[in-house]
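As a plain string of letters, each chain reads:
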Amino acid sequence: MNETAHIEHRDYAAAKLGMWLFLFTEILLFGGMFLVYAEYRQLNTAAFHEAGREMNIFIGAANTVILLTSSLTMALAISAIKKGMKIRSLLFQAATVLLGLGFLVNKYFEWSDHIRKGLYPDSPVLLAMSHGKILFFGLYYVMTGIHALHVIIGLSVIIFMFALTLRGNISDTDYVKLENTGLFWHIVDIIWIYLFPLFYLIL
Amino acid sequence: MEASFYHAKTRYPGIFGWIFTTDHKRVGLLYLFSTLSFFAVGVSLGLTMRLELIRSGMHFYSAQTYNAIFTLHGVIMIFLFIIPGIPSSLGNFIMPLQIGARDVAFPKINILSWGLFIMGGAIAVTSLFTGGGPPDTGWTFYVPYSIRTGTNISLAVFGVFLIGLSSTLTGMNFLTTIHRLRAPGMTWKRMTLFTWSIYATSWIQLLATPVLAITLLLIIIERNFGVGFFDPAKGGDPILFEHMFWIYSHPAVYIMILPAMGTVTDIIPVFTRRNIFGYSFIAASSLAIAFVGYLVWGHHMFTSGMSDTARIIFSLLTFIVAVPSGIKVFNWIASLYKGSIRMNAPLLYTLAFIFLFSIGGLTGLVQGALATAVHVHGTYFIVGHFHYVMFGGAGFGFFAGLHYWFPKITGKLYEEHLAKLACFFLFIGFNMLYFSMFVLGWEGMPRRYYDYLPRFNGPNLVATIGSWILAMGLIIMFYNLIHSLFAGNKAGDNPWEAASLEWQTTSPPPVENFATQPVVTKGPYEFR
Numbered sequence: 001m002n003e004t005a006h007i008e009h010r011d012y013a014a015a016k017l018g019m020w021l022f023l024f025t026e027i028l029l030f031g032g033m034f035l036v037y038a039e040y041r042q043l044n045t046a047a048f049h050e051a052g053r054e055m056n057i058f059i060g061a062a063n064t065v066i067l068l069t070s071s072l073t074m075a076l077a078i079s080a081i082k083k084g085m086k087i088r089s090l091l092f093q094a095a096t097v098l099l100g101l102g103f104l105v106n107k108y109f110e111w112s113d114h115i116r117k118g119l120y121p122d123s124p125v126l127l128a129m130s131h132g133k134i135l136f137f138g139l140y141y142v143m144t145g146i147h148a149l150h151v152i153i154g155l156s157v158i159i160f161m162f163a164l165t166l167r168g169n170i171s172d173t174d175y176v177k178l179e180n181t182g183l184f185w186h187i188v189d190i191i192w193i194y195l196f197p198l199f200y201l202i203l
Numbered sequence: 001m002e003a004s005f006y007h008a009k010t011r012y013p014g015i016f017g018w019i020f021t022t023d024h025k026r027v028g029l030l031y032l033f034s035t036l037s038f039f040a041v042g043v044s045l046g047l048t049m050r051l052e053l054i055r056s057g058m059h060f061y062s063a064q065t066y067n068a069i070f071t072l073h074g075v076i077m078i079f080l081f082i083i084p085g086i087p088s089s090l091g092n093f094i095m096p097l098q099i100g101a102r103d104v105a106f107p108k109i110n111i112l113s114w115g116l117f118i119m120g121g122a123i124a125v126t127s128l129f130t131g132g133g134p135p136d137t138g139w140t141f142y143v144p145y146s147i148r149t150g151t152n153i154s155l156a157v158f159g160v161f162l163i164g165l166s167s168t169l170t171g172m173n174f175l176t177t178i179h180r181l182r183a184p185g186m187t188w189k190r191m192t193l194f195t196w197s198i199y200a201t202s203w204i205q206l207l208a209t210p211v212l213a214i215t216l217l218l219i220i221i222e223r224n225f226g227v228g229f230f231d232p233a234k235g236g237d238p239i240l241f242e243h244m245f246w247i248y249s250h251p252a253v254y255i256m257i258l259p260a261m262g263t264v265t266d267i268i269p270v271f272t273r274r275n276i277f278g279y280s281f282i283a284a285s286s287l288a289i290a291f292v293g294y295l296v297w298g299h300h301m302f303t304s305g306m307s308d309t310a311r312i313i314f315s316l317l318t319f320i321v322a323v324p325s326g327i328k329v330f331n332w333i334a335s336l337y338k339g340s341i342r343m344n345a346p347l348l349y350t351l352a353f354i355f356l357f358s359i360g361g362l363t364g365l366v367q368g369a370l371a372t373a374v375h376v377h378g379t380y381f382i383v384g385h386f387h388y389v390m391f392g393g394a395g396f397g398f399f400a401g402l403h404y405w406f407p408k409i410t411g412k413l414y415e416e417h418l419a420k421l422a423c424f425f426l427f428i429g430f431n432m433l434y435f436s437m438f439v440l441g442w443e444g445m446p447r448r449y450y451d452y453l454p455r456f457n458g459p460n461l462v463a464t465i466g467s468w469i470l471a472m473g474l475i476i477m478f479y480n481l482i483h484s485l486f487a488g489n490k491a492g493d494n495p496w497e498a499a500s501l502e503w504q505t506t507s508p509p510p511v512e513n514f515a516t517q518p519v520v521t522k523g524p525y526e527f528r
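As you go down the protein sequences, you meet chains W and Y in turn. Going left to right, the first sequence walks through residues 1 to 203 as the numbering used here numbers them. Going left to right, the second sequence walks through residues 1 to 528 as the numbering used here numbers them.
Calculated from the structure, these hints are not laboratory results. You may find that some hints are simply not true.
[Stated by the list, open to error] Simulated restraints on C-beta separations:
1) THR309/Y <-> ALA163/W: 53 to 59 Å
2) LYS82/W <-> LYS189/Y: 34 to 40 Å
3) ILE19/Y <-> ALA163/W: 22 to 28 Å
Ideal Cβ placement from N, Cα and C applies to all residues, glycine included.
Please construct the entire structure, taking both the sequences and the accompanying hints into account.
And the structure:
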């Protein structure tokens with residue numbers, strides 16, 4: 001008997017359940033960093049306020065709009081494949097990837113601007129500043145950095161899904177992979193929605 | 001009759017039929033083989049530590065080497081043996097059989113978990129021979145030392161990160177499996193209590209491990225980029241690290257002990273020929289332990305600097321978490337009452353488990369109470385306590401399960417007399433080794449030192465001799481199991497006449513687990 005024969009069963013509900021459980025773990029992963037943020041903001045409120053002025057609100061806001069729009073295009077790609085509109089779904093997936101890349105490009109310019117000013121972990125400029133500012137920039141790089149890593153992983157998965165859709169593996173009868181990818185992409189978006197005010201707005 | 005899964009044709013030939021398998025039984029055996037190999041390494045390291053500590057003075061290796069060896073012993077035993085020990089090996093093999101499933105919900109993720117586990121283990125081992133030398137921080141990787149030491153922390157921590165990811169994926173996989181793939185008629189209250197314990201364990205694996213993952217990532221980031229989160233010189237707070245570490249690592253001790261509790265709960269009814277006493281209470285207490293276990297992490301930090309309010313609350317919660325464990329112990333004892341007891345090796349190991357775990361649990365309360373915690377903190381009392389719980393509990397539970405399910409997994413019988421002899425040696429050696437530590441700790445011998453004052457000589461000698469007897473027990477046990485694997489008598493499908501579903505198929509089972517879809521009509525412990 002061939003051992004691979006029995007794994008080809010499909011269980012839509014199980015696939016969704018597994019994905020939601022995985023998303024819990026993502027929230028807890030970022031939860032750890034939000035905990036660090038909460039403690040250091042509590043201890044260094046004034047310094048966080050000052051350091052926040054170094055942030056470029058325009059780029060932050062632009063990235064928020066870009067990421068929210070990419071979540072919309074992702075949702076549209078899923079509803080298109082459910083209706084069997086393959087080409088439309090592919091276009092929306094491509095749009096999602098482009099928007100995600102746009103987010104990363106903005107992030108690149110934002111980070112390089114800070115690095116040019118000497119504001120990066122362990123830099124002489126930063127070490128001369130107060131503890132609160134050191135921690136603020138540490139948190140800024142770590143939290144947005146790990147978030148950007150999730151954007152990169154998300155984009156890679158969407159590109160993979162694009163290929164699967166092209167080959168017909170994802171279709172109006174079997175679209176749970178794309179749906180789960182969408183769920184992952186939304187959680188990346190939701191985390192950004194919390195990062196944006198914490199680093200750009202409430203200071 | 002269908003051929004067993006060992007003889008089934010696989011997609012890839014030879015060894016690749018194992019390492020690229022998606023069959024939960026093969027994945028379980030891969031885990032079993034790899035965790036037991038790591039266990040052998042961990043035991044050897046422990047034995048050399050005991051040899052160094054045979055009497056006061058420096059004998060065989062330097063202080064730095066001793067630091068590296070106790071770190072390794074801890075990392076290997078905790079992350080590479082006990083945490084994956086029962087859930088990933090026996091859980092993988094037995095749990096789908098017990099609920100009447102053909103496989104886990106995500107077979108490919110299952111083998112991916114094993115791959116991540118092995119990669120993590122390999123990276124952790126590599127860290128010994130590269131960079132600045134083997135890590136010397138202890139398995140807890142406490143800052144600020146773990147940030148400042150020149151040894152190879154980053155690589156070791158990354159290995160543990162991968163193992164954590166593997167553990168999370170296993171938890172996710174098992175939860176989905178238990179929710180979705182139960183056979184017709186397999187209601188929640190007809191599941192075995194082993195499956196219940198795996199279910200509770202999986203929730204902890206899923207909801208606690210990510211916190212460890214981020215904490216470990218922050219250590220790596222801290223060491224490489226100096227962001228300053230845990231560095232007091234830059235405004236960071238080392239106590240925050242301890243909180244984040246124990247938010248995972250306390251629930252993790254329940255990842256270690258719950259599956260062992262589930263294992264012995266399955267064994268007791270089979271060898272007493274009566275239904276388990278208090279089924280619902282045992283099932284619910286697993287979930288209660290999983291839940292309350294989240295809220296007690298602060299008791300690792302009673303002397304680290306916390307407000308008195310926090311300490312009192314954590315102390316109270318620690319007492320509360322002992323209640324569900326107590327419920328289990330009383331129900332086990334009640335299940336023995338008026339049973340027709342067959343004293344086979346699995347039950348013998350189970351009784352040893354109950355005895356040792358009770359001592360471990362009760363000495364835990366000594367540390368849960370604030371006043372005594374201050375007295376025994378950082379002493380050998382702690383070492384004695386967690387070896388009673390982890391080795392006497394999780395370890396003996398694992399051995400009980402190994403013997404109980406040995407005929408299921410291999411289709412052979414182990415040699416009963418040898419198994420009992422091994423259990424006897426293990427029990428005697430164990431108590432000599434670890435009870436001495438309670439005495440030493442109570443008298444004030446600090447843990448984690450390569451040397452001690454001459455007045456501690458006596459119990460240390462007893463402990464070291466105990467470690468040899470314990471090792472002898474392990475050798476006899478594994479000799480017996482390995483020898484029986486090749487030369488044991490045929491077991492038949494259900495040698496223990498158990499009623500739970502895993503025994504209703506052939507031993508070893510076919511690839512598809514059951515020749516026909518099983519339909520469940522009764523509970524797992526109804527023998528009549």
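Tested hints:
1. THR309/Y <-> ALA163/W: 53 to 59 Å: Since the Cβ atoms of THR309/Y and ALA163/W sit about 57 Å apart, the hinted range of 53 to 59 Å holds.
2. LYS82/W <-> LYS189/Y: 34 to 40 Å: Given range 34 to 40 Å: holds, Cβ gap about 38 Å.
3. ILE19/Y <-> ALA163/W: 22 to 28 Å: holds (27 Å)
In the structure shown, no violation is registered for any of the earlier numbered hints.
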